[in-house]
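> For reference, the chains in residue letters:
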Amino acid sequence: MIRAHESVIVQMLSRLLVPLVQLYAMFILFFGQYGPGGGFVGGVMFAASLILGMLVFGPETPSWNVATRLLKGDGVGLIIFVAVGGLCLIAGGEFLNYAEMEIPGLDTPSRRYLGIIMTQIGVAADVAVTAISIVYSLSAVQHNGGPDA
Amino acid sequence: MTFSLEMPLLILLILTAGGAILVKDLISAVFILGSYSFFLALVWAWLGAVDVAFVEAVVGAGLATVFFLLTLFGTASKDTRIRRPPPPIGALLGLPLLGLLLLYAANDLPQFGDPGSPASRHVSPFYLENSWDDSRTANVVTAVLMDYRAFDTLMETVVIFTAGIACALLLRKGHG
Numbered sequence: 001m002i003r004a005h006e007s008v009i010v011q012m013l014s015r016l017l018v019p020l021v022q023l024y025a026m027f028i029l030f031f032g033q034y035g036p037g038g039g040f041v042g043g044v045m046f047a048a049s050l051i052l053g054m055l056v057f058g059p060e061t062p063s064w065n066v067a068t069r070l071l072k073g074d075g076v077g078l079i080i081f082v083a084v085g086g087l088c089l090i091a092g093g094e095f096l097n098y099a100e101m102e103i104p105g106l107d108t109p110s111r112r113y114l115g116i117i118m119t120q121i122g123v124a125a126d127v128a129v130t131a132i133s134i135v136y137s138l139s140a141v142q143h144n145g146g147p148d149a
Numbered sequence: 001m002t003f004s005l006e007m008p009l010l011i012l013l014i015l016t017a018g019g020a021i022l023v024k025d026l027i028s029a030v031f032i033l034g035s036y037s038f039f040l041a042l043v044w045a046w047l048g049a050v051d052v053a054f055v056e057a058v059v060g061a062g063l064a065t066v067f068f069l070l071t072l073f074g075t076a077s078k079d080t081r082i083r084r085p086p087p088p089i090g091a092l093l094g095l096p097l098l099g100l101l102l103l104y105a106a107n108d109l110p111q112f113g114d115p116g117s118p119a120s121r122h123v124s125p126f127y128l129e130n131s132w133d134d135s136r137t138a139n140v141v142t143a144v145l146m147d148y149r150a151f152d153t154l155m156e157t158v159v160i161f162t163a164g165i166a167c168a169l170l171l172r173k174g175h176g
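Those protein sequences? They're chains A and B, same order as listed. Residue 78 in my numbering sits at position 78 of the first sequence; the count goes up by one each step and never skips. Residue 153 in my numbering sits at position 153 of the second sequence; the count goes up by one each step and never skips.
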């Protein structure tokens with residue numbers, strides 16, 4: 001079972017670190033088209049910040065509640081990814097060929113740019129929720145009365 | 001690359017990999033494995049694969065360590081019952097021979113960064129030349145992953161989703 005960490009230093013540092021890591025994760029996610037990074041790393045980093053909050057502050061705290069509420073969105077990222085592909089299908093093109101998305105006022109490169117951003121958000125959401133879900137599952141095992149080390 | 005950091009890095013890589021296998025205390029093994037991932041990320045960065053280095057540092061050194069530690073807290077953290085049998089004589093003789101054979105074959109691989117190698121002549125020039133004009137994406141790796149090879153990435157996302165669902169099904173029995 002996960003308990004709150006009692007050290008003041010760890011708590012203070014985590015309180016500083018969690019928002020910073022989240023900010024950096026967003027930067028990595030949306031800067032992935034110009035620099036290293038992208039949806040996968042951004043999602044994992046965002047999940048890591050929430051996991052840090054879960055492990056340090058313990059259950060029934062705001063960060064724990066945010067993380068467990070995110071679990072209800074399991075699969076949303078995948079739906080976003082498939083929906084972008086489906087939009088291209090509906091517009092008469094091939095699956096995941098973003099150039100076929102019918103968005104008025106955008107030339108083809110901008111459509112593909114937009115498609116890349118949206119699928120990256122999908123990947124990030126999927127990866128983040130999965131990482132939090134696995135940590136939550138692992139903590140639930142100990143909750144069920146395994147050897148509480 | 002002019003700086004001679006590669007040899008110490010590779011030696012540290014082998015040392016940490018061996019240490020993670022040989023150490024008795026499983027918590028130390030997890031931390032040594034984390035440092036192994038960190039050194040591996042440095043090696044990727046040194047080779048110029050910055051995106052891979054990023055993933056390795058975040059997933060290998062960060063997330064996997066947390067998963068291992070949480071698993072260890074749910075079980076026993078000492079590796080006491082597993083007695084390692086001595087390696088069979090065939091493996092002891094055969095594997096070094098195989099390694100020598102692979103080293104011999106590695107001589108014929110193209111030089112690192114060789115512009116004439118098959119890998120840099122086949123499709124990568126197309127990506128490098130067209131990714132900006134096609135999709136306004138400066139990072140070619142992102143363009144390949146999310147646009148040219150988006151279907152592969154979709155299937156990868158499905159795999160990750162399946163892993164999360166499987167963990168929830170196996171571990172959260174009767175727990176919501």
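Accuracy of the hints is not assured; some may be wrong.
[As the list claims (entries may be wrong)] A short list of chain B residues far from chain A (calculated; beta carbon distances all over 10 Å):
| id | residue |
| --- | --- |
| 1 | Pro8 |
| 2 | Ser28 |
| 3 | Val58 |
| 4 | Ser135 |
| 5 | Ala138 |
| 6 | Thr142 |
| 7 | Met146 |
| 8 | Leu154 |
| 9 | Phe161 |
| 10 | Ala168 |
[Unchecked claim] Only part of the chain A face toward chain B is listed, based on derived beta-carbon distances under 8 Å:
| id | residue |
| --- | --- |
| 11 | Gly37 |
| 12 | Leu96 |
| 13 | Ser110 |
| 14 | Val127 |
I should point out that these hints are in silico values taken from the structure, not numbers from a laboratory. Quick reminder that beta carbons are idealized off the backbone N, C-alpha and C, glycines included.
> Work down the list of hints and note, for each, if the structure agrees.
These are the hints, each one checked on the structure:
Here Pro8 (chain B) stays apart from chain A, with its beta-carbon at least about 24 Å from theirs, past the 10 Å limit. Annotated as non-interface, Ser28 (chain B) keeps its C-beta farther than 10 Å from every C-beta of chain A; the closest such distance is 15 Å. Distance check on Val58 (chain B): its Cβ comes as close as 5 Å (rounded) to a Cβ of chain A, failing to clear the 10 Å threshold; non-interface status is violated. The non-interface label for Ser135 (chain B) is inconsistent with chain A: the shortest C-beta to C-beta separation is roughly 4 Å, within 10 Å.
For Ala138 (chain B), the non-interface assignment is contradicted: its Cβ lies about 5 Å from the closest Cβ of chain A, within the 10 Å cut-off. Not every CB of chain A lies more than 10 Å from the CB of Thr142 (chain B), the least distance being 5 Å, so the non-interface label is violated. Not every CB of chain A lies more than 10 Å from the CB of Met146 (chain B), the least distance being 4 Å, so the non-interface label is violated. The beta carbon of Leu154 (chain B) sits about 6 Å from the closest Cβ of chain A, which is not more than 10 Å, so the claim that it is off the interface is violated.
Non-interface call for Phe161 (chain B) relative to chain A: violated, since the shortest CB-CB distance, roughly 5 Å, does not exceed 10 Å. Chain A draws Ala168 (chain B) into its interface by the beta-carbon criterion, the shortest separation being 5 Å against a cut-off of 10 Å. Using the Cβ-Cβ criterion of 8 Å, the hint placing Gly37 (chain A) at the interface with chain B is satisfied: the shortest such distance is roughly 6 Å. Restraint check, Leu96 (chain A) versus chain B: the minimum CB separation of about 4 Å is within 8 Å; hint holds.
Interface hint status for Ser110 (chain A): upheld, as the beta-carbon distance to the closest one in chain B is roughly 6 Å, under 8 Å. For Val127 (chain A), the suggested interface contact is upheld, since its CB lies about 6 Å from the closest CB of chain B, less than 8 Å.
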